[in-house]
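K.L.:
Sequence:
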Amino acid sequence: MTITRQRLLEMMTAYRSTYLLRTAVELRLFDALANGPADAGEVAATLKTSPRGTRILLRSLVAAGLLDADGERFRLPDGGADLLVTSSPGYAGANVNVASSDWEWDTMKRLGDIVRTGAPLTEETADSPGCGYWVDFAENLTFVTKAGAAFVAETLGTGRADILDVGSGAGLFGYAVAGGDPLSRVWCLDWPNVLDVARKHAERLGLADRTGFIAGDAFSVPLGGSYDVVVVSNLLCQFSKERSSALLHRLSGVLRPGGRLVIAGFTTGDVPPAQAHHAHMLELLMLAWTAGGEVHSPDDYVRMLDACGLVGARVHRRDGLPLRVVVAEKPADADEEEQ
1 MTITRQRLLE MMTAYRSTYL LRTAVELRLF DALANGPADA GEVAATLKTS PRGTRILLRS
61 LVAAGLLDAD GERFRLPDGG ADLLVTSSPG YAGANVNVAS SDWEWDTMKR LGDIVRTGAP
121 LTEETADSPG CGYWVDFAEN LTFVTKAGAA FVAETLGTGR ADILDVGSGA GLFGYAVAGG
181 DPLSRVWCLD WPNVLDVARK HAERLGLADR TGFIAGDAFS VPLGGSYDVV VVSNLLCQFS
241 KERSSALLHR LSGVLRPGGR LVIAGFTTGD VPPAQAHHAH MLELLMLAWT AGGEVHSPDD
301 YVRMLDACGL VGARVHRRDG LPLRVVVAEK PADADEEEQ
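Position 250 of the sequence shown, counting from 1, maps to 250 under the UniProt record's numbering, and the rest follow consecutively.
By construction, these hints were calculated from the structure, which means they are not laboratory data.
Careful, some of the hints might be misleading.
[To be verified] Distance condition first, Cα-Cα at most 20 Å in a straight line; then the derived EDC-like pairs of lysine to aspartate or glutamate:
1. K200 / D136
2. K200 / E139
3. K48 / D31
4. K146 / D136
[To be verified] Label-pair distances were calculated between CB atoms; the ranges are:
5. R116 / Y15: 16 to 26 Å
6. M12 / R110: 14 to 24 Å
7. S17 / R116: 27 to 37 Å
8. R5 / H277: 13 to 23 Å
Heads up, the beta-carbon is just placed ideally off N, CA and C, and yes, glycines get one too.
Produce the entire structure from the sequences given, and follow the hints as far as they go.
P.N.:
So this is what it looks like as structure tokens:
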């Protein structure tokens with residue numbers, strides 16, 4: 001890899017593209033062009049914004065490749081209607097609330113101090129009860145969340161199951177698994193404010209009558225059970241290897257004999273860092289937001305699951321999807337433990 005002045009300049013100014021997109025999404029500017037081209041005055045009238053401000057913003061969006069223009073008339077480019085108009089089934093604009101959250105922006109301004117101390121500099125961290133970031137994460141589903149949930153469901157296959165979704169967020173991983181059989185049931189475990197979002201998704205998916213909710217800390221709240229499947233998605237990166245192992249051991253105790261424990265999330269260590277960009281950026285975020293969180297490797301997860309007495313741990317990968325899915329099974333002759 002070669003570092004060039006152009007590459008450095010792109011990195012130095014990348015935040016400008018971010019705040020440009022954030023602003024256009026906030027104003028619903030792309031909606032104003034959903035019915036066809038318009039000039040700046042027409043867009044300003046629709047949005048009730050300053051004509052001058054709107055004109056400059058529109059030109060900047062053209063410069064950034066987010067709009068096309070014929071003279072002073074602006075239009076959506078190819079893909080714009082699908083991804084940036086709020087009424088589209090494929091609308092992706094809401095992801096700015098997660099991918100470029102204010103909480104992350106404000107925290108990372110002090111990244112140098114965080115690296116010096118090796119500890120978060122904010123009172124609220126990713127594992128704080130009621131952390132508001134996870135509500136945004138649950139409400140604004142990322143591209144990877146939906147694809148990852150579908151991947152887990154396909155990996156496990158269909159069949160009736162009682163499912164515990166730990167650190168459930170929106171609940172999509174558990175719901176995807178339950179969707180394969182009308183007799184399957186799901187219990188979502190997360191903080192109360194996040195479970196409010198999971199309830200809405202259960203209703204949207206027609207699963208409300210098959211979903212239960214467990215509010216609290218996964219390390220201490222009674223887990224109920226037992227379960228055929230326990231899913232842990234996008235959670236263990238918040239903890240050290242030791243803490244992650246302790247949680248997995250606790251969760252394995254509520255598996256029925258023959259039940260499966262599933263870990264889904266970003267990993268490091270199995271491909272060169274340049275091929276795992278998002279995983280390493282997430283790990284940097286965990287440095288800023290947690291006391292000991294790291295993005296673990298697939299081999300780490302296999303060792304953790306083996307240490308829990310689970311068998312047949314296997315790592316599943318899919319081209320184009322940055323998540324890994326690791327599945328292990330509780331031996332059929334194992335005794336169920338009390339939680």
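K.L.:
Please check whether R116 and Y15 have a Cβ separation lying inside 16 to 26 Å.
P.N.:
23 Å, holds
K.L.:
Taking 20 Å as the top limit, are the C-alpha atoms of K146 and D136 close enough?
P.N.:
15 Å, holds
K.L.:
Verify the proposed pairing of K200 with E139, using a straight-line Cα cut of 20 Å.
P.N.:
Answer holds: K200 to E139 is near 9 Å, not above 20 Å.
K.L.:
Take a look at whether the Cβ-Cβ distance between R5 and H277 falls inside 13 to 23 Å.
P.N.:
About 21 Å separates the Cβ atoms of R5 and H277, which means 13 to 23 Å holds.
K.L.:
Please test the hint of 27 to 37 Å on the beta carbon pair from S17 and R116.
P.N.:
29 Å, holds
K.L.:
So does M12 sit 14 to 24 Å from R110, Cβ to Cβ?
P.N.:
18 Å, holds
K.L.:
Please work out if K48 and D31 have their alpha carbons no farther apart than 20 Å.
P.N.:
13 Å, holds
K.L.:
Take the C-alpha atoms of K200 and D136, compute the straight-line distance between them, and say whether it is at most 20 Å.
P.N.:
Between K200 and D136 the Cα gap is close to 14 Å, so the pair holds against 20 Å.
When held up to the earlier numbered hints, the structure conflicts with none and fits them all.
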